[in-house]
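For chain A, the structure is supplied; the task is to place chain B on it using the hints.
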Amino acid sequence: MMGFLKEMISRFLKSLQQYFIGLTRAGSHQTWMTFFVVGTGIFLFYLIYLATLIAPDLELVQEQFQKLSTTYERGDLRDFLRRKDVLRNEVARTLKVNRSQHAQMIATNISVYLFPELLPDRDFEKHEALSAWLPLQKKIESNPGTQESRIAFEEMKATFWNYESPDRSSPRLSETARQVLEIYDRLSSKKQE
Amino acid sequence: MARRRKKIVFARPSWTKLTLLVLGFPLALTTGLWFFGTHEPFTDPNFFSRNYPASESLREELYYLRTMDRLKHEDELTIQQTLTHTSSVLNIPEPILWCLFFQESRLNHLLGIGDERTSYGLGQFTYFGFYEINYQLHQFNREGKQHLIELLGTDIRPIGPTKTELFNPSSYYYIPTAVVTSALFLKDRNIQLQRALARQNISFDPEVLWLFSVMAYNKGSRAVFSLWNQERQRSGQKGLKRLLQSKTEFLRSLEDSALFHTSLGRIWSEKAARGLAHELLVHMRNITACAVEPQVLRSYGGSL
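Protein chains in written order, with the working numbering: chain A, 153 to 345; chain B, 648 to 951.
Bound conformation, chain A alone (with noise of 0.2 Å):
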């Protein structure tokens, strides 16, 4: 048994030595160069899958969605769209990669009122907010600065403060809510330029 072993193990070694003798030779460098590439796509294919699993500063999600209301100041639809875009990944990856409670509740939060696709089925503000706010979003995208964006603006207003207004001697909204609306006020009283 250990003889037959033996003998595996050094014929595997003598072809691994004749493989490497041969690219060793003339003309063997385009194996080496095979070698190169796909090793460097390998690694770089890695960070990136190691980047996906870094949650990203929360500090900067929130600067980031902060922004997103002066953004659209100069009338720029489609500025506007890409910053949006952006932070909805960033708040993707953090729910998903982020553990800390905070940073969920953050993140959880945007996404009712921006992203809620990204919020799991069995969430019950997901559907509250994909039917009652979110086509009127996609109304004053699709048309910024029109009276018929500015009709959908207040009534996600309205929804909006029925929806999460707790007190009614002093009313107030969340902070997510308050800058939704800001964001919205925005793009439905300026047109796009």
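Hint data in this document are derived by calculation from the structure and do not stem from the laboratory.
Keep in mind the model is a prediction, meaning the values are calculated, not measured.
Watch out, some of these pointers could steer you wrong.
[To be verified] SDA-like mimics (lysine to any residue), calculated; alpha carbons at most 20 Å apart, straight line:
(1) B:Lys719 x B:Phe814
(2) A:Lys219 x A:Gln331
(3) B:Lys719 x B:Phe777
(4) A:Lys290 x A:Arg235
(5) A:Lys309 x B:Thr765
(6) A:Lys248 x B:Thr765
(7) A:Lys309 x B:Phe777
(8) B:Lys888 x A:Asp273
(9) B:Lys918 x A:Ala255
[To be verified] Computed footprint of chain A on chain B; a stretch qualifies when at least three of its residues, placed anywhere within it, have a C-beta under 8 Å from a C-beta of chain A:
(10) 664-674
(11) 731-737
(12) 775-781
(13) 838-850
(14) 875-883
[Claimed, not checked] In silico negatives: residues of chain A with every beta carbon more than 12 Å from chain B:
(15) Tyr198
(16) Leu212
(17) Leu233
(18) Ile303
(19) Lys309
(20) Gln331
Beta carbons are placed, not taken as given, at the ideal position from N, Cα and C, and that holds for glycine.
Relative to chain A, chain B alone:
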């Protein structure tokens, strides 16, 4: 003569019958235990008190309001008549509606008329409450407009807190309008919560859902959704179903300040969540004491 002994012959059971018997019995037993263990009767006529306010202290307060003339007899009569009619048309338990108004304004339909308040009258309505009734009623209740006409004779919208014409049917300070409008808003909350549960195929006890609707009326539907999400995270799907299907579990939850605090903490800052949770618990305990039959509360055995 020898008597012939009768031979008892058993029919030979077939394998199919035997299998059905062996599998069917435990299946029937489990189903029965599950159903009767988790479901209470869907309508319980004795849960809400017919003699509201049910609590002794609230009755004393009502007596005090009457004797001090803070609640005028004719106003109380109008409130009562409209309320009875409205609750029957909208299918809202009468004690729930009365107790909600008592809790919000002590049945003072002119509350806040002289100051710069942001909420008005009998059901403490806000600007956005009016917006929903005036422009979004159809989104919740397709029959809303029809109910409004049935109850008030005509579509009196837009409704607002008009101070100058107190007997104008479009003024929220006009008693029938205040009662009907607030009841429609409460009905909307009930429909909203029902829809959310239907989407996830979760059955519920209707009386428990009315109490959650009162919660949504007072602190917004988001507070209720957050509480349900929190309960599911804490006790799983079974725990959430227990809360929605069992009156006892619901009453028990009103003593669980941690549940209210944590669920509101998902929306608000720590400090704000603590204050709001306390407010909501007090509000719900008062509504429960006012609307639920005292015998039910005593048999529950908690400290409510």
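Checked hints:
1. B:Lys719 x B:Phe814: Judged against 20 Å, a Cα distance of about 16 Å means the pair holds.
2. A:Lys219 x A:Gln331: holds (10 Å)
3. B:Lys719 x B:Phe777: This hinted pair is violated, its Cα atoms lying about 26 Å apart.
4. A:Lys290 x A:Arg235: holds (16 Å)
5. A:Lys309 x B:Thr765: Holds. Lys309 (chain A) to Thr765 (chain B) sits at ~16 Å (cutoff 20 Å).
6. A:Lys248 x B:Thr765: Given pair Lys248 (chain A), Thr765 (chain B) is violated - Cα atoms ~40 Å apart, limit 20 Å.
7. A:Lys309 x B:Phe777: OK: Lys309 (chain A) and Phe777 (chain B) at ~13 Å, within 20 Å.
8. B:Lys888 x A:Asp273: Holds, at roughly 17 Å.
9. B:Lys918 x A:Ala255: Roughly 18 Å between the alpha carbons, so the hint for Lys918 (chain B) and Ala255 (chain A) holds.
10. 664-674: The restraint on the region 664-674 of chain B is violated, since only 0 of its residues have a Cβ under 8 Å from chain A and three are required.
11. 731-737: violated (count 0)
12. 775-781: holds (count 4)
13. 838-850: Contact hint for the region 838-850 of chain B vs chain A: holds, 4 residues under 8 Å.
14. 875-883: holds (count 3)
15. Tyr198: Answer for Tyr198 (chain A): holds, closest chain B Cβ roughly 34 Å.
16. Leu212: holds (21 Å)
17. Leu233: Per Cβ check, Leu233 (chain A) is outside 12 Å of chain B; nearest 27 Å; holds.
18. Ile303: violated (9 Å)
19. Lys309: violated (8 Å)
20. Gln331: holds (14 Å)
Violated hints, listed in ascending order, are 3, 6, 10, 11, 18 and 19; each of the other numbered hints is respected by the structure.
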